[in-house]
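As given, the protein sequences belong to chains F and X, one line each in that order.
Quick note: the first sequence uses the numbering used here, first residue 1, plus one each step.
Quick note: the second sequence uses the numbering used here, first residue 1, plus one each step.
Hints are supplied without guarantee of correctness; some may be wrong.
When the alpha-carbon atoms are kept at most 20 Å apart in a straight line, the in silico EDC-like pairs for lysine to aspartate or glutamate are as follows [said to hold, decoys possible]: (1) F:K181 - X:D79; (2) F:K39 - X:E139; (3) F:K181 - X:D130.
To spell it out: a stretch of chain F is covered by chain X in this simulated footprint if at least three of its residues, at any positions, have a beta carbon under 8 Å from a beta carbon of chain X; those stretches are [stated by the list, open to error]: (4) 199-213; (5) 264-271.
Source of the hints: derived by calculation from the structure; they are not laboratory data.
Glycine included, every Cβ here is placed at the ideal spot set by N, Cα and C.
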Amino acid sequence: MKRIVCLCTLPQSFQDNLSAYLMDAYDDLRKFNIEYDIKGIFIVYRNTVLLVLEGEGKAVARAAYKTRMDTRFKTCSIIVNCKIETPYFNRWSIRLVKPDSESQQLFLNRLKKELEKDFVFESPKDRKLYEDIYIAERNQVPAGAPAASGAGAPQAQELKHSDLVQYSVSLSAWPKPTQMKLTPPAMKTCSLISNRFVPYQTLIDRKIWPTEADLEQFINLLYSLGTLSLKMYQQPAGVSPAQAEPQKTAEQKTSEKQDRFSQLIKKFITSPRSKVN
Amino acid sequence: MDRIYKKLAIVGEVGAGKTQLIHTISEISPFATEARSSVDIGKEFTTVGIDYGRLSLAEDVALGLYGLPGQKRFSMLWDMVTQGLWGLLILAKYSDNFALESLQTVIDHFAPHRTKVPVVIGISHCENTDYADLDNFIEYLQVVLANYDLASPIYPVDPRDVESSIMVLQLFDALNDSYSNDDWIESDAG
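Model the full assembly from the supplied sequences, consistent with the hints where possible.
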């Protein structure tokens, strides 16, 4: 059994359509790896892809060769090429390095320990690329967000109410069902902040959660999962977030019919059994 | 008083559970366009047109449920439901061989990233899947959504189960509450 780790970079020219470009590369390899029973991971951080391939020797070598020949990658260096007794991975998966995700940080640190004894870096540039993936976990704190407690702190600092009210929050991906139970307040909050920045004060004012402490706890949970982005609330001159809210809701004011549909569907949802066949 | 009629489009590949989901939610017997499959797809009948179900919320308010085949060649059917769309549910059948292209085709066509139509991705047939595999599948789908700057809920759905199916409606309701749609009132197609 063999393990090959490739460190690849993507061309800057594809920056605008990077995700599509990456998915094509990942999907090609996914199909190949299913066919040849190769396990491992495809880790993406900005323009860098770290590829760990484990499986039968010839199959893994073919996958690595295929990757090196793949013109979607600008460069591809093999930084580990060794025999292994037992594979580290039991499936083929993809992971995006997200800022401040505690679970990812733990995962990456474990992986680093597993791999580092067999590293052979062809150039200092490769080493730097590799290390950047790990450094990213600590450095990619959103601009203006509270710093982690102490240099190199392994866990993101909990966001306090006094900090949060200064920020707008945005969700880049919904939490997975294995990460949390999706309650109605969680659904409402995630819906509101999906891919758009909403002042934290607005979330408080909407009274989605029974208490502010519940909201704070939920926001902290999203933050720890690495799916929440923060930015300093841009307060219009002379307007506090609390004052800004009515203005925003006025913009989004729904029609009476929309309200009616919404009320009726809510009524149905809360008493589904009486109506569903 | 104007009638209010909204549409929920349920798009998915063969065997994803579209017909079953409509059957679970609809108050009327779904109008199904199923035909005996000519190739082995793991079941005897498959949808070849639109499945239609309906949920009357009041005398003059209803939600139409439209089950649509996920293959690109049926995209002319997709166009029939784009007006007054309350939500787009993409049913993805859990599988190692899930066709990424089909998901991209549906998103490209409905363009929810531009129209702001709420999207939910329901993963079906994953009841016996272990958490790690499910997480991986979701991560895989999230990368596709990120390509469109979409952050949509991706959750397991059991189309046979009432609670699970109602949760889908609950998600769309929450998403619609957070969006503002001006063009959503339409005459009842029925």
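Evaluated hints:
1. A distance of roughly 35 Å separates the Cα atoms of K181 of chain F and D79 of chain X; the hinted pair therefore is violated under the 20 Å criterion.
2. The hinted pair formed by K39 of chain F and E139 of chain X meets the criterion: a straight-line CA distance of about 16 Å does not exceed 20 Å.
3. Pair hint K181 of chain F plus D130 of chain X holds up; C-alpha atoms about 17 Å apart against a cutoff of 20 Å.
4. Coverage of the stretch 199-213 of chain F by chain X is violated [criterion: at least 3 residues with CB-CB distance below 8 Å; count 0].
5. Counting residues of the stretch 264-271 of chain F whose C-beta sits closer than 8 Å to any C-beta of chain X gives 6, which meets the bar of three, so the coverage hint holds.
In this structure, the earlier hints numbered 1 and 4 are contradicted, and the remaining ones agree with it.
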